[in-house]
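J.: Chains as they are written, first to last, in the numbering used here: chain R, 27 to 217; chain F, 670 to 1196.
Treat the hints loosely; a few may be bogus.
Said to hold, decoys possible - Only pairs whose alpha carbons sit at most 25 angstroms apart, straight line, appear in this in silico DSS-like list of lysine-lysine:
1. Lys1035(F) <-> Lys1174(F)
2. Lys83(R) <-> Lys102(R)
3. Lys766(F) <-> Lys782(F)
4. Lys1111(F) <-> Lys1094(F)
5. Lys782(F) <-> Lys173(R)
6. Lys1056(F) <-> Lys1071(F)
7. Lys960(F) <-> Lys979(F)
8. Lys916(F) <-> Lys69(R)
9. Lys62(R) <-> Lys782(F)
10. Lys750(F) <-> Lys766(F)
11. Lys125(R) <-> Lys69(R)
12. Lys916(F) <-> Lys62(R)
13. Lys62(R) <-> Lys83(R)
14. Lys916(F) <-> Lys876(F)
15. Lys62(R) <-> Lys190(R)
16. Lys1056(F) <-> Lys69(R)
17. Lys125(R) <-> Lys95(R)
18. Lys781(F) <-> Lys62(R)
19. Lys804(F) <-> Lys752(F)
20. Lys1174(F) <-> Lys173(R)
21. Lys766(F) <-> Lys69(R)
22. Lys69(R) <-> Lys1094(F)
23. Lys69(R) <-> Lys102(R)
To be verified - Not close to chain F: a few residues of chain R, all C-beta gaps over 10 angstroms, as computed:
24. Gly34
25. Asn132
26. Thr150
27. Leu162
28. Lys191
For the record, the hints were derived by calculation from the structure and aren't laboratory data.
Note that beta-carbon positions come from the ideal geometry of N, C-alpha and C, so glycine has one too.
One-letter residues, chain by chain:
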Amino acid sequence: MVGLIVLGCIGLIIAWGIVTFNRLVSLRNEVQNSWKQIDVQLKRRHDLIPNLVSVVKGTMEFEQDTLEKVINARAKAVSAGSVQEKVTAENMLTQALGKLFAVMENYPQLRSNDNIMQLQEEVTSTENRIGFARQLYNDLVAQYRVKQEVFPNNIFVAFFGGFKKEVYFEAEEEAKKAPQADISIRRDSSH
Amino acid sequence: MPLTFIDIERQKSWRIGLFFIILLLMYFSSAMVIMLVAFGDIFAKDFLKGVFASFYIFIFAAVLVFVHFYLLSFGAAQTIKEKLGAADPDPEDELHKRLCNIMAEIHVATGKKRKMACAVIPGQAMNALAVDDFKENALIFITEGLISRLSRDQTEAVIAHEAYHILSGDCRESTLAVSLFGFSMPFIEKIMIYGGRAYIFSFILFKLGYLLNLFISREREYRADAGAVRMTRNPLALAEVLHLLSKNWRGTGLIGSELEGLCIVNPRFNQLDELEGFFADLFSSHPPIRKRTEILLAMTHASITELDMKRRQGESDHRPKETERKYYALDAQYVWQGPFSIPELAALPWFSTLTWVSDGSETITKASQIPVCSEIFNARIEQAEGKTTDYLCPVCQQHLLKQHYEQTRIYQCKYCGGTLVDSDKLPRIIIRRENAWSEKIKAQARATLKENQQNYIIHSAKAGKNKIISLRCPKCKGSMWRTFYSYAYLVEIDRCICGAMWFDKDEMSILQCMIENKMAGEELGAN
Chain R
27 MVGLIVLGCI GLIIAWGIVT FNRLVSLRNE VQNSWKQIDV QLKRRHDLIP
77 NLVSVVKGTM EFEQDTLEKV INARAKAVSA GSVQEKVTAE NMLTQALGKL
127 FAVMENYPQL RSNDNIMQLQ EEVTSTENRI GFARQLYNDL VAQYRVKQEV
177 FPNNIFVAFF GGFKKEVYFE AEEEAKKAPQ ADISIRRDSS H
Chain F
670 MPLTFIDIER QKSWRIGLFF IILLLMYFSS AMVIMLVAFG DIFAKDFLKG
720 VFASFYIFIF AAVLVFVHFY LLSFGAAQTI KEKLGAADPD PEDELHKRLC
770 NIMAEIHVAT GKKRKMACAV IPGQAMNALA VDDFKENALI FITEGLISRL
820 SRDQTEAVIA HEAYHILSGD CRESTLAVSL FGFSMPFIEK IMIYGGRAYI
870 FSFILFKLGY LLNLFISRER EYRADAGAVR MTRNPLALAE VLHLLSKNWR
920 GTGLIGSELE GLCIVNPRFN QLDELEGFFA DLFSSHPPIR KRTEILLAMT
970 HASITELDMK RRQGESDHRP KETERKYYAL DAQYVWQGPF SIPELAALPW
1020 FSTLTWVSDG SETITKASQI PVCSEIFNAR IEQAEGKTTD YLCPVCQQHL
1070 LKQHYEQTRI YQCKYCGGTL VDSDKLPRII IRRENAWSEK IKAQARATLK
1120 ENQQNYIIHS AKAGKNKIIS LRCPKCKGSM WRTFYSYAYL VEIDRCICGA
1170 MWFDKDEMSI LQCMIENKMA GEELGAN
C-alpha cells in the first residue's frame, strides 16, 4: 500500500516535470521566434534608411552632420552581433532617426514631395512594427522569466540548466514620454 | 467593485463557448422543425407512410439543414462584405496604404497568430466592425469616414480593438449568430405568416437565439477595449476615438440592423445602450460609450472634460481668428464681391445689416448675424441718432429708434425700415389719415391684396392651421408668428402674445392704404 502511494507520488512528480519542461521549451521557442520577428522588422528599417537618406540629401545639404549620424548608426546596427550590442546600436539608430525627422520639419519643401511623404509613412510604419515586435518580445521574455523563477520551477531549471535568462529589449529614455491627448478632426491627414 | 480592464481580461470566456453551443443547438432544432413540418406536409400524405417514412424525412431534413448551415456560416465574411458594399483597400490611395500598414503593424503586435484582412466601407459614416467565419476568413471593416478623420494612433486603436475580437474568438461566435439568425429572420417571419402555426415554435427559438447573442455582447466590447489597450499601450487614442464617435454619424441605415452587434459602437443611437443595470446589461448590444471612455481615461489620468476642451481647441486652431478672417458680400446686383476684411466691409457704401455675407465656407448669413459687424452697426446708429431704445430689431438685431408716426409712438429700425407697433396703437394709426399715399404704395397694396387673396384660398384649402414661427419679439423675447392682419386685409404681419406687432418695411403703409381706400371690397368684387 505504502509502496503504491510512493510510486504514485513519483509518477506525479515526473508528470509535473514533463509538463514544466515542455512549457519552458515552447516558451523559449516563442521568445526566439519573436526575436526573429524583430530582426525581420529591423532589416526592413535598414533597407529603408539608404533610400530616405538619398532622397533628402539634395534638399538638406546643410544638415550633413545629422545625415552622417544616421548613416553611421545604421552601419553599426547592421554589423551588430550579440543581443546586447544590437539593442544598443538600434537604440542609437532610433535616436538618430528621430533627430532627422525633427530636422526635416524645418524644410517645408520636403512635405510637398510625394516621394518623401510616402517614404516617411513607410519609415513610420516600420518604426511602429519594430515597437510592436519589441513589445511582444518583452512580454514573452517576462512570461518566460516568471516561469523560470517561480518556486518549484527554479529548482527544476537549476537542475537542468538548459534555460538561460533572456535579455529585455529596453526602450530608450525618450520613448517613455506620456502621450498628449488630441481628438481634433484632422484636415490634413498626411501623417 | 470597479471593473478594470485587467479583471475583464482575466475572466476566461467559458461563457462564449457555452453560448456558442446553445446557439448551434437552437439553430439546428428550429431549422429541423421547419424542415420536418414542410416535408411532412408535402410527402407524407401520398406515399412513404409509417415509421420508416418519418425516419427518411428526418434524414432528408437534417441534410438540408446542414447544407444551409454550411452555406451560411462558411461564406459569412464574403456575404457580409457584399452586403456592406465594402471593397479591398486601394493600393494607390495613400490613406488606404496607411491602413494596410497599420494592419501589418497590428499583425506584428498580435504575434502573427491569425491572418486578417481589411476592407473599406465607402461613405461618410464613422464605424468599424470585424467578422470571422469558419473558412478562417477574418475581415476588419472600416468606413472611409473613419480612415479620413482619425490620426494614425487612433486608427491603430480601432484596428487593435477589432483584431482582439477576432483573436479572442468571440467574433466568430457573433458572426455566426448574425449570419444564422440575423439574415434568416425576414425569411422566418415570412413563412410564419404564410405557413401557419406549426412554424411559431421555430420562430420563437430563432428570436431567443438572437436575444442570446445580445446577452454577452456588452462584456465582449469591454474585453476588446482591454485587448486593444494591451496591444497598442495607448488607452488615450481609443478613448479619443470613442469620444469622437459618440458625437458623429455612425452609419445608421448604412450598416444593416442585423450587423449592429458587430460594430465598435452601435450605429443606431439607442437609449438602452447608455444605461447601466441588469436589464440594460442583458438587452443592449453595446456598453455605454461614456463608461467605456471613462475606464480608458482613468488609465491615463485624464477626463472627458479635458478631451472636450482639447477638441474645441483643435477645432478653433483650424479656423482663422475673427479679425484676420476674410468675407465675401453679395451686392445689389446679386454678385459676390470680396474678399474683404472687416474694416473694408464696413466701408462699403452698400453694406447693410441685410447684406448676405459669407466667410468662404458653406454658410451664408446676414451681416447682422456676425457679432463684429453687429457691433459696427450698433456704433453707427448710436453716433447718428444719439439715443436708442433697448428693443432689438428682430431682423437686423440692431437697436430700434423711438419715432412719432400719425401722432403716436412707434419703434422703427433704421436699417431695414421695419416697425414695431403695440396692438392698442394700431387702430389709432389706421383711423388717423394724415398721409397721402404715393402711386407706388397703392400699386403695391393692390398687388399684395390680389396675390394674397389667391394664396389664402390655397392655404385654407390645405387647412394649414399651424402657426408659422418667424421672429423673436423685441419686447418679451417670445416667438412671434406670421399671420394676416385680418381676413379682409390680407397683409402678412408678425404678432406676439404680448400684443406687439412687427411690420416689415412698407407693410404698414400698405395696410393703411388698403383700409383707407377700401381696397378689400373692390378687389373681391373684381374677382
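J.: Lys782(F) and Lys173(R) were given as a pair; does the straight-line alpha-carbon distance stay at or below 25 angstroms?
T.: Roughly 22 angstroms between the alpha carbons, so the hint for Lys782(F) and Lys173(R) holds.
J.: Need the status of pair Lys125(R), Lys69(R): alpha-carbon distance at most 25 angstroms?
T.: 20 angstroms, holds
J.: Check whether the Cα positions of Lys1056(F) and Lys1071(F) lie no farther apart than 25 angstroms.
T.: 9 angstroms, holds
J.: Given the hinted pair Lys69(R) and Lys102(R), is their Cα-Cα distance within 25 angstroms?
T.: 13 angstroms, holds
J.: Taking 10 angstroms as the cut and beta carbons as the points, is Asn132(R) off the interface with chain F?
T.: 21 angstroms, holds
J.: Holds or violated: Lys69(R) and Lys1094(F), Cα atoms, limit 25 angstroms.
T.: Violated - the C-alpha atoms of Lys1094(F) and Lys69(R) are around 90 angstroms apart, more than 25 angstroms.
J.: Does the structure keep Lys1056(F) and Lys69(R) at a Cα separation of 25 angstroms or less?
T.: Given pair Lys1056(F), Lys69(R) is violated - Cα atoms ~80 angstroms apart, limit 25 angstroms.
J.: Under the criterion that the straight-line Cα-Cα distance not exceed 25 angstroms, is the pair Lys83(R), Lys102(R) satisfied?
T.: Since the Cα atoms of Lys83(R) and Lys102(R) sit roughly 20 angstroms apart, the hinted pair holds (cutoff 25 angstroms).
J.: Check whether the Cα positions of Lys804(F) and Lys752(F) lie no farther apart than 25 angstroms.
T.: 18 angstroms, holds
J.: Taking 25 angstroms as the top limit, are the C-alpha atoms of Lys916(F) and Lys69(R) close enough?
T.: Not OK: Lys916(F) and Lys69(R) at ~42 angstroms, beyond 25 angstroms, violated.
J.: With a cut-off of 25 angstroms on the C-alpha distance, tell me whether Lys62(R) and Lys83(R) pass.
T.: With a Cα-Cα distance of about 32 angstroms, the restraint between Lys62(R) and Lys83(R) is violated, given a limit of 25 angstroms.
J.: According to the definition I'm using, a residue is off the interface if its beta carbon is farther than 10 angstroms from all beta carbons of the partner; does Thr150(R) meet that for chain F?
T.: Given that some Cβ of chain F is not farther than 10 angstroms from that of Thr150(R), nearest at about 7 angstroms, it is violated.
Checked against the numbered hints above, the structure breaks hints 8, 12, 13, 14, 16, 20, 22, 26 and 27 and satisfies the rest.
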